[in-house]
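> Sequence:
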Amino acid sequence: PPGPLSAPRWETAFQVGRPAEGTTGGLAFIATLAGAFAVKAADDVAEEFVGTRFLRAAGAPVPGARVVFPADAEHASILAAVEAVAKQYSRRGDAEGAQAVMVHVLVGLRKYDGPLLLLELVPAARALDDIGASAALLLEPAAGSRARARLEAMGRVWIVDAALHFHDRFASRLSCAGYDAAAAAYAEGAAADGVTGNLGNILLTDAPPGVAAVDSHVKLVRGAASDAAALAA
1 PPGPLSAPRW
11 ETAFQVGRPA
21 EGTTGGLAFI
31 ATLAGAFAVK
41 AADDVAEEFV
51 GTRFLRAAGA
61 PVPGARVVFP
71 ADAEHASILA
81 AVEAVAKQYS
91 RRGDAEGAQA
101 VMVHVLVGLR
111 KYDGPLLLLE
121 LVPAARALDD
131 IGASAALLLE
141 PAAGSRARAR
151 LEAMGRVWIV
161 DAALHFHDRF
171 ASRLSCAGYD
181 AAAAAYAEGA
191 AADGVTGNLG
201 NILLTDAPPG
211 VAAVDSHVKL
221 VRGAASDAAA
231 LAA
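Taking my numbering, I'd label the letters of the sequence shown as residues 1 to 233.
Check before you lean on any hint, since a few could be wrong.
What the hints assert, rightly or not - With a straight-line cut-off of 25 Å between C-alpha atoms, the simulated SDA-like cross-links for lysine to any residue are:
| hint | residue 1 | residue 2 |
| --- | --- | --- |
| 1 | 87 | 32 |
| 2 | 219 | 44 |
| 3 | 87 | 219 |
| 4 | 87 | 74 |
| 5 | 111 | 95 |
| 6 | 219 | 95 |
| 7 | 87 | 165 |
| 8 | 87 | 19 |
| 9 | 219 | 36 |
| 10 | 87 | 9 |
| 11 | 111 | 73 |
| 12 | 219 | 14 |
| 13 | 111 | 38 |
| 14 | 87 | 73 |
| 15 | 219 | 163 |
| 16 | 111 | 71 |
| 17 | 219 | 164 |
| 18 | 87 | 112 |
| 19 | 87 | 36 |
| 20 | 219 | 167 |
| 21 | 219 | 139 |
| 22 | 87 | 2 |
| 23 | 111 | 11 |
| 24 | 111 | 58 |
| 25 | 87 | 14 |
| 26 | 219 | 9 |
| 27 | 219 | 171 |
| 28 | 111 | 31 |
| 29 | 219 | 199 |
| 30 | 219 | 173 |
| 31 | 111 | 99 |
| 32 | 87 | 12 |
| 33 | 111 | 121 |
| 34 | 219 | 56 |
| 35 | 87 | 103 |
| 36 | 87 | 33 |
| 37 | 111 | 90 |
| 38 | 87 | 163 |
| 39 | 111 | 171 |
| 40 | 87 | 29 |
Just so you know, the hints here were simulated from the structure itself, not pulled from any lab data. In this text the structure is predicted, and so the values were computed from the model without any measurement.
All chains, full assembly: derive it from the sequences and hints.
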């Protein structure tokens, strides 16, 4: 189960995982006696933090998030927890698991000099682009109140994404410049790919409202001062 962002208890970490593919930067899933968490390192942490906070303020379903700065003692505690779990694996004889944590997870988290993004873990999540034909059953309004709640939540995400001109998840006239021309080119066979979004960043879950939007971003005016102001918000 997801743990509380206010008290992760890193010193009790006992398991570390990572996504198989599709992630830019470092992303780790860390389990402690307090629960499970996602920890992310990237060069655009400020953009994701502000985007996630904006969606949450607008009523869109997103995981809770907070930033851990390099100067914070917790920053070192997180990295130490990942390394400690690798050593636990090694003591249990799981050399392959220990190496994966050290090489793929710890190196990824240390790659960037900036802050870490701590996120609530979305429980029992399935990416929308992974479920294939089952999507019709899970999202068909006639299927019941859960499907309707999911569609309403996705609609809120779509509206906020459009307002932010964030077209990674949903491509539309509101969020994607040249949408009509690209769609027409695809329909006429002049383009190999249509105008599609990244539905891997829409997760279906059993927890209400049944949907969570992840990897949300808003483009900021870049610079040390602007990033610091955004992260302090």
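> Taking only the CA atoms, is the gap from residue 219 to residue 9 under or equal to 25 Å?
Distance of about 32 Å is beyond 25 Å: violated.
> With the threshold set at 25 Å, check whether the alpha-carbon distance from residue 87 to residue 73 stays at or below it.
21 Å, holds
> Tell me if the straight-line CA distance from residue 87 to residue 19 falls inside 25 Å.
20 Å, holds
> Holds or violated: are the alpha carbons of residue 111 and residue 31 at most 25 Å from each other?
22 Å, holds
> Straight-line Cα separation of residue 219 and residue 44 no greater than 25 Å?
9 Å, holds
> Hint check: residue 111 vs residue 71, CA-CA at most 25 Å. Holds or violated?
Between residue 111 and residue 71 the Cα gap is close to 16 Å, so the pair holds against 25 Å.
> Does the alpha-carbon distance linking residue 87 and residue 163 stay inside the 25 Å limit?
46 Å, violated
> Below or equal to 25 Å on CA atoms is what counts here, so check residue 87 against residue 74.
With a Cα-Cα distance of about 20 Å, the restraint between residue 87 and residue 74 holds, given a limit of 25 Å.
> Can you confirm whether the C-alpha distance between residue 87 and residue 165 stays at or below 25 Å?
44 Å, violated
> Can you confirm whether the C-alpha distance between residue 111 and residue 73 stays at or below 25 Å?
18 Å, holds
> Are the Cα positions of residue 111 and residue 58 separated by 25 Å at most?
33 Å, violated
> Residue 111 and residue 171 were given as a pair; does the straight-line alpha-carbon distance stay at or below 25 Å?
Cα-Cα ~31 Å, so violated.
In this structure, the hints that do not hold are numbers 3, 6, 7, 9, 12, 21, 24, 26, 38, 39, in rising order.
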